[in-house]
Amino acid sequence: MRNSVLMKRITALALGLALTATVAGCGSGTNDAESSASNADNTSAASTAEKLGGQIVIDGSSTVYPITMAVAEEFKNEQPGVEVSVAMSGTGGGMKKFVAGEIDICDASRPIKQEEIDQAKAKGIDYVELEVAYDGISVVVNKDNNWVDSITTAELNKIWAKDSQVKTWKDVNPAWPAEPLKLYGPGTDSGTFEFFTEQINKKAKESRTDYTPSEDDNVLVQGIAGDKDAMGYFGFAYYEENQDKLKVLKIDDGKGPIEPTAVSIKDKSYSPLSRPLFIYINKAKMDQPQVRAFVEYYIDNAATLSEEVGYVPLDSYDAIKEKIK
Amino acid sequence: MNYVKYRKLKNSIFHGVIFCITLIGIVILAILLIDIIKRGVPFLTRTFFTNFPSRFPNKAGILPGIVGSINIILLTIAFAVPVGLGTAIYLEEYAKNNRMTKFIKINISNLSGTPSIVYGLLGLAVFVRTLGLGKSILSGALTMSLVVLPIVIVSSQEAIKAVPQYLRHGSYALGATKWQTIRKIVIPSALPGIFTGVILSVSRALGESAPLLMVGAATYVSKLPDNVFSVFTALPLQIYYWMGLPKEDFKDLAAAGIIVLLAILLTTNAITIVLRNKYQRSIE
Numbered sequence: 001m002r003n004s005v006l007m008k009r010i011t012a013l014a015l016g017l018a019l020t021a022t023v024a025g026c027g028s029g030t031n032d033a034e035s036s037a038s039n040a041d042n043t044s045a046a047s048t049a050e051k052l053g054g055q056i057v058i059d060g061s062s063t064v065y066p067i068t069m070a071v072a073e074e075f076k077n078e079q080p081g082v083e084v085s086v087a088m089s090g091t092g093g094g095m096k097k098f099v100a101g102e103i104d105i106c107d108a109s110r111p112i113k114q115e116e117i118d119q120a121k122a123k124g125i126d127y128v129e130l131e132v133a134y135d136g137i138s139v140v141v142n143k144d145n146n147w148v149d150s151i152t153t154a155e156l157n158k159i160w161a162k163d164s165q166v167k168t169w170k171d172v173n174p175a176w177p178a179e180p181l182k183l184y185g186p187g188t189d190s191g192t193f194e195f196f197t198e199q200i201n202k203k204a205k206e207s208r209t210d211y212t213p214s215e216d217d218n219v220l221v222q223g224i225a226g227d228k229d230a231m232g233y234f235g236f237a238y239y240e241e242n243q244d245k246l247k248v249l250k251i252d253d254g255k256g257p258i259e260p261t262a263v264s265i266k267d268k269s270y271s272p273l274s275r276p277l278f279i280y281i282n283k284a285k286m287d288q289p290q291v292r293a294f295v296e297y298y299i300d301n302a303a304t305l306s307e308e309v310g311y312v313p314l315d316s317y318d319a320i321k322e323k324i325k
Numbered sequence: 326m327n328y329v330k331y332r333k334l335k336n337s338i339f340h341g342v343i344f345c346i347t348l349i350g351i352v353i354l355a356i357l358l359i360d361i362i363k364r365g366v367p368f369l370t371r372t373f374f375t376n377f378p379s380r381f382p383n384k385a386g387i388l389p390g391i392v393g394s395i396n397i398i399l400l401t402i403a404f405a406v407p408v409g410l411g412t413a414i415y416l417e418e419y420a421k422n423n424r425m426t427k428f429i430k431i432n433i434s435n436l437s438g439t440p441s442i443v444y445g446l447l448g449l450a451v452f453v454r455t456l457g458l459g460k461s462i463l464s465g466a467l468t469m470s471l472v473v474l475p476i477v478i479v480s481s482q483e484a485i486k487a488v489p490q491y492l493r494h495g496s497y498a499l500g501a502t503k504w505q506t507i508r509k510i511v512i513p514s515a516l517p518g519i520f521t522g523v524i525l526s527v528s529r530a531l532g533e534s535a536p537l538l539m540v541g542a543a544t545y546v547s548k549l550p551d552n553v554f555s556v557f558t559a560l561p562l563q564i565y566y567w568m569g570l571p572k573e574d575f576k577d578l579a580a581a582g583i584i585v586l587l588a589i590l591l592t593t594n595a596i597t598i599v600l601r602n603k604y605q606r607s608i609e
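If you read the sequences in order, they're chains H and F. Read in my numbering, the first sequence has 112 at position 112, and its numbers run on one by one without any break. Just so we're on the same page, my numbering is the position in the second sequence counted from 1, plus 325.
It is possible that some hints are incorrect.
[Claimed, not checked] Think about it this way: if two alpha-carbon atoms lie no more than 30 Å apart in a straight line, the pair counts; the simulated DSSO-like pairs of lysine-lysine are:
1. K247(H) <-> K503(F)
2. K576(F) <-> K228(H)
3. K245(H) <-> K335(F)
4. K572(F) <-> K143(H)
5. K363(F) <-> K143(H)
[Said to hold, decoys possible] Residues from chain F that keep clear of chain H, each with C-beta distances beyond 10 Å, as calculated:
6. N327
7. L354
8. I362
9. N422
10. Q490
11. T544
12. V556
13. D577
14. I584
Simulated from the structure, these hints should not be mistaken for laboratory data. Backbone N, C-alpha and C define an ideal beta-carbon position, used for all residues, glycine too.
The task is simple: from the sequences and hints, build the whole structure.
Right under this line is the structure:
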């Protein structure tokens, strides 16, 4: 009697183990098949490079994530043995892990801060900073808005300042109608928010708070597209993809109104809202062959891949390549 | 006479009102499902199940998410059910009905209402950092079992409470010890209720993304996990990422991901329900 119960349990346990093994087994099986398939596609590229193993752990900005993911996707064909994981806990979240030495590479949509540099130093972590692409923060209004085509940075500051009293478009510029001004923007944890407030309000994270925030830029797009009196800001890729629904404003920083385009973002004439995107690499980890291979691959392909996912590549990556030699 | 009519009228009005209220939920669910199916089905190709995520919507797949999520729920159940059931048995069968027990019971009920991100923080501090398990499946599953533990405990407690007292008395009358009674009488009779708890836990564990994000689950992994210490991703994270991308196609891809998530959820629940019914019958 006792034995039969025991047997039942052992059977159950064995079944459970078998199930887990099957899951894991079929997992790695498909993986191998996948890898060899992609190997076949890229035999020339793969045969020249030495086969590497090991792990690369990446975290950070959700803005930079699409570029890094694209690089990881292509790198997988080249080095199927390397385990690359990319997470996106935001520039701030990624930096916290980076300065603690928990990750190898940090995606960042802003330069590293002094306090983060200090924390890294305290832990004995040295890093390399690489620019990988540009993004232009776009200020957009509704398609039916016919009173504004360009806006000055002073007007933007008047609208978005911490103690802003602006309630209608007329409050900003007497030539504009007395319609209520409805504001949309990213949430306070976002690197976009930090950069915009720093450029427009001269102090990072200082902004009026009575606007509709969302971490999801698609929500902002929908909000502005559906509200004639709306204004908001987000990354260039989201404007590019929704050009038919939105109208982008030219920004006048004293040198005449400039529209965000691939050209004006790249040559930085779209000022001050053109921003570089970075990756930070733990310098000690650069000695690991798979990390070095990945970073080199990243820079070699950043031009095409960043453009494919909606960003503006640098003019030349030669200076960046110098930095990792 | 008039009064009777008035009461009957009231009766049928309330019947109608409550029926409409029931409909609200069903209609909203139907609209959501129809929208998701309409958008997602065209993307449910064979490659969607076998490929890794990609920047090209038509090449993108969800395999690492599926493998990650299945691993997470299996491990979560393996951790949460024994601990949860043990706690419930102790609280209902052994613990004296004193202040301390009441205090523990109240706290368990409170824990089931704690936002899951709090468990994520706990998991990050304890499993990832202090115990050094890293951003692994193991950390994720341990954290997730904390999230679902209160559900397992409370539903098992209810199930054990519902076992009629005369069954226990009958068992004792035959000379069975307390442990024999619990093992042979109480647990088998309570099993259907315990399975209900497991169903609820699986649903919760599959859908949660916040605690996994906190313990550092990746959104993209280049290899499938080969052991419990591997980095991983899960279905909700993949869906959430696709939802946020600017390209319209990725939103349809997210819809396809939601269909897969629903399918896995319904399958695991169906398995549990079949098991539950089997035990229910064997008791009767």
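Now the hints, each set against the structure:
Among the hinted pairs, K247(H) with K503(F) is inconsistent with the structure: their alpha-carbon atoms are about 75 Å apart, more than 30 Å. Restraint check for K576(F) and K228(H): the C-alpha separation of about 25 Å stays at or below 30 Å, so the hint holds. A C-alpha spacing of about 50 Å is found between K245(H) and K335(F), which places the hinted pair above 30 Å, so the restraint is violated. Restraint check for K572(F) and K143(H): satisfied, since their Cα atoms lie roughly 19 Å apart, inside the 30 Å limit.
A distance of roughly 28 Å separates the Cα atoms of K363(F) and K143(H); the hinted pair therefore holds under the 30 Å criterion. Residue-level check passed: N327(F) sits 52 Å from the nearest beta carbon of chain H, beyond 10 Å. The Cβ of L354(F) sits about 22 Å from the closest Cβ of chain H, beyond the 10 Å cut-off, so the non-interface label holds. Listed as outside the interface, I362(F) is consistent with that label: its C-beta sits roughly 21 Å from the nearest C-beta of chain H, beyond the 10 Å cut-off.
Separation of N422(F) from chain H is adequate, the least Cβ-Cβ distance of about 31 Å exceeding the 10 Å criterion. Against the 10 Å criterion, Q490(F) stays outside the reach of chain H, whose nearest CB is about 25 Å from its own CB. With a least CB separation of 5 Å from chain H, T544(F) falls inside the 10 Å interface cut-off, contrary to its annotation. Distance check on V556(F): its Cβ comes as close as 4 Å (rounded) to a Cβ of chain H, failing to clear the 10 Å threshold; non-interface status is violated.
No beta-carbon of chain H is positioned within 10 Å of the beta-carbon of D577(F); the least distance is around 13 Å. The beta carbon of I584(F) is kept farther than 10 Å from every beta carbon of chain H, the shortest such distance being approximately 20 Å.
The structure is inconsistent with the numbered hints 1, 3, 11, 12, although it conforms to all the rest.
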